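2 protein chains.
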Amino acid sequence: MKTAVFGTGPVGQTIADKLNSLGHEVMLGTRDVKASLQRADKDSFGRPPLKDWHKEHPTVKIGTFAEAALHGEFLVNATNGTGTLPALAAAGAANLAGKILLDIANPLDFSKGFPPALTVCNTDSLGEQVQRAYPDVKVVKSLNTMNTYLMVAPRSLPSTHTVFLSGNDTGAKDRVRELLRSFGWENNEVIDLGDITTARGTEQLLPIWVRLYGTLGHGMFNFNIVKGEVPK
Amino acid sequence: MKTAVFGTGPVGQTIADKLNSLGHEVMLGTRDVKASLQRADKDSFGRPPLKDWHKEHPTVKIGTFAEAALHGEFLVNATNGTGTLPALAAAGAANLAGKILLDIANPLDFSKGFPPALTVCNTDSLGEQVQRAYPDVKVVKSLNTMNTYLMVAPRSLPSTHTVFLSGNDTGAKDRVRELLRSFGWENNEVIDLGDITTARGTEQLLPIWVRLYGTLGHGMFNFNIVKGEVPK
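As given, the protein sequences belong to chains Y and X, one line each in that order.
Going by my numbering, the first sequence opens with residue 60, and the numbers climb by one from there.
Going by my numbering, the second sequence opens with residue 60, and the numbers climb by one from there.
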């Protein structure tokens with residue numbers, strides 16, 4: 060399937076890599092293709108520049124946000140939270156309309172250092188902001204509650220763990236569920252929380268995620284919802 | 060040990076019951092003892108009135124917040140989030156000073172119905188508000204991320220799950236850890252997130268907790284942090 064991934068950072072690269080290996084025709088979307096491919100330095104995570112990554116993944120196309128949105132039948136938002144609405148504006152409402160957008164971004168504010176606060180929370184969420192801005196897009200929030208590596212390699216944890224779905228369109232959530240299965244997620248690991256307002260719940264997992272990252276010293280962990288029997 | 064439990068709702072009753080069964084000398088603290096014991100109706104959870112509960116737990120004393128605080132060497136805040144600061148003000152700073160306060164309350168705002176929002180979050184937390192208001196008190200936030208039943212009966216879930224600690228005083232956290240062990244928690248289920256600012260992380264689990272409660276239809280679940288190996 061023709062798939063667009065907005066954002067060329069670690070999340071965008073990892074998702075693009077996995078989709079590419081699964082046979083999707085992937086286009087990465089970025090603000091300025093030339094500038095993105097000219098960067099020679101490692102990024103803030105110490106990863107090689109995009110042009111080196113692209114040499115290893117020559118079948119993945121790189122275009123502007125608008126070109127990627129036009130290309131994709133299925134869209135993935137892997138931009139930074141603060142870059143999400145500008146990226147979608149650059150992509151253009153007409154290129155997004157009617158499509159499913161898997162939204163992985165979190166509204167993290169790193170302007171005051173680590174741990175980051177949220178730029179929106181409690182009575183609103185980034186997922187809802189995107190859905191309100193593009194009512195014709197079928198926004199599904201998912202995968203935003205874990206590190207990038209685990210998103211596409213869920214079996215690398217020793218036991219069952221959880222991925223959440225939030226979105227208004229049941230069919231779109233079913234499509235994301237299929238995608239998750241192709242990434243290695245088991246059906247019983249997926250919890251559909253309900254409509255897009257439930258993204259408030261998953262985005263507000265980030266404040267404890269960043270503190271667990273600090274306490275454990277790494278990001279190879281995830282939340283699992285352990286369910287029991289209701290006592291009689 | 061002489062233990063005070065502020066709050067006579069389901070959380071207060073459940074914690075008091077467990078502490079009583081473990082041999083603590085428990086006093087429940089409430090705003091108006093006479094009014095609390097006169098209530099004849101079931102509460103909003105359909106539970107019998109406090110006076111019936113008290114008949115079944117005659118060794119648990121019931122006093123004002125100030126009497127309970129004076130009685131307790133160890134304090135538990137099981138009030139509603141919106142009632143926490145008024146309850147502690149009624150308890151009196153002098154009666155609280157130097158003691159450990161296990162803070163279980165969550166700053167939930169039910170004024171607009173279900174699911175509730177938070178009254179404080181993101182850049183502050185109820186745990187921090189309490190610690191700032193009573194700098195001499197050793198505040199430890201814990202047990203606030205699950206339903207009351209599981210707090211004192213953790214083995215009723217089928218597998219390992221997690222309870223978090225947040226607080227500035229290591230000795231106080233060790234004491235709470237001991238208490239958790241006496242409730243049935245395993246050492247490897249307790250994660251110390253760090254100082255009291257990390258209560259922002261656990262209190263912000265409530266927005267997803269209430270949505271999971273809606274999705275699953277019951278509160279017999281908890282978060283488990285599944286840890287893996289860092290890839291080389």
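Hints may contain errors.
A pair holds if it fits inside one copy or across any two, identical chains being indistinguishable in the list.
To be verified - Capping the alpha-carbon separation at 20 Å, the derived lysine to any residue pairs in SDA-like fashion look like this: (1) 286 with 217; (2) 158 with 207; (3) 291 with 172; (4) 93 with 68.
Because the hints were derived from the structure by calculation, they are not lab data.
Note that this is a predicted model, so its numbers are computed, not measured.
How the hints compare with the structure:
no., hint, verdict
1, 286 with 217, "both (18 Å within a copy, 8 Å between copies)"
2, 158 with 207, "neither (23 Å within a copy, 43 Å between copies)"
3, 291 with 172, "neither (48 Å within a copy, 27 Å between copies)"
4, 93 with 68, "within (15 Å within a copy, 62 Å between copies)"
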